[in-house]
Amino acid sequence: MSKPVLIDFYADWCGPCRMQTPILEQLGEKMGDSIEIKKVDVDDNMDLAMKYGVQVVPTLVIEKSGKIEHRLE
Numbered sequence: 202m203s204k205p206v207l208i209d210f211y212a213d214w215c216g217p218c219r220m221q222t223p224i225l226e227q228l229g230e231k232m233g234d235s236i237e238i239k240k241v242d243v244d245d246n247m248d249l250a251m252k253y254g255v256q257v258v259p260t261l262v263i264e265k266s267g268k269i270e271h272r273l274e
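Counting in this note's numbering, the sequence shown runs from 202 upward without gaps.
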């Protein structure tokens, strides 16, 4: 079984995205190797943002075994 992946869809110009970055860093430290956290800049990765249906930033997607388990916008 693969570990969960938290994908943070963000943009550099997004204030709330910048505010949540330290929270995600703390989460990564607390969870260690039990979760993988990936940051995706929507301006540089529009194709990936479209694949996940991202329409607003920040959007957090939790994926496990290739399936979306939860989504927060």
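Source of the hints: derived by calculation from the structure; they are not laboratory data. All C-beta atoms, glycine included, are put in the ideal place defined by N, C-alpha and C. Any given hint might turn out to be false.
Computed beta-carbon distance windows for the label pairs [claimed, not checked]:
1) Met251 with Glu230: 16 to 24 Å
2) Gln256 with Gly233: 14 to 22 Å
3) Ser266 with Gly233: 29 to 37 Å
4) Trp214 with Ile238: 15 to 23 Å
5) Gln227 with Met251: 13 to 21 Å
6) Leu249 with Thr222: 26 to 34 Å
In silico PhoX-like cross-links for lysine-lysine, where the CA-CA straight-line distance does not exceed 25 Å [stated by the list, open to error]:
7) Lys240 with Lys268
8) Lys252 with Lys231
9) Lys268 with Lys239
10) Lys231 with Lys204
11) Lys240 with Lys204
12) Lys252 with Lys239
13) Lys265 with Lys231
14) Lys204 with Lys268
Verification of the supplied hints:
{"no.": "1", "hint": "Met251 with Glu230: 16 to 24 Å", "verdict": "violated, 31 Å"}
{"no.": "2", "hint": "Gln256 with Gly233: 14 to 22 Å", "verdict": "violated, 32 Å"}
{"no.": "3", "hint": "Ser266 with Gly233: 29 to 37 Å", "verdict": "violated, 20 Å"}
{"no.": "4", "hint": "Trp214 with Ile238: 15 to 23 Å", "verdict": "holds, 21 Å"}
{"no.": "5", "hint": "Gln227 with Met251: 13 to 21 Å", "verdict": "violated, 30 Å"}
{"no.": "6", "hint": "Leu249 with Thr222: 26 to 34 Å", "verdict": "violated, 19 Å"}
{"no.": "7", "hint": "Lys240 with Lys268", "verdict": "holds, 18 Å"}
{"no.": "8", "hint": "Lys252 with Lys231", "verdict": "violated, 29 Å"}
{"no.": "9", "hint": "Lys268 with Lys239", "verdict": "holds, 15 Å"}
{"no.": "10", "hint": "Lys231 with Lys204", "verdict": "holds, 15 Å"}
{"no.": "11", "hint": "Lys240 with Lys204", "verdict": "holds, 16 Å"}
{"no.": "12", "hint": "Lys252 with Lys239", "verdict": "holds, 15 Å"}
{"no.": "13", "hint": "Lys265 with Lys231", "verdict": "holds, 19 Å"}
{"no.": "14", "hint": "Lys204 with Lys268", "verdict": "holds, 12 Å"}
Checked against the numbered hints given earlier, the structure breaks hints 1, 2, 3, 5, 6, 8 and satisfies all the rest.
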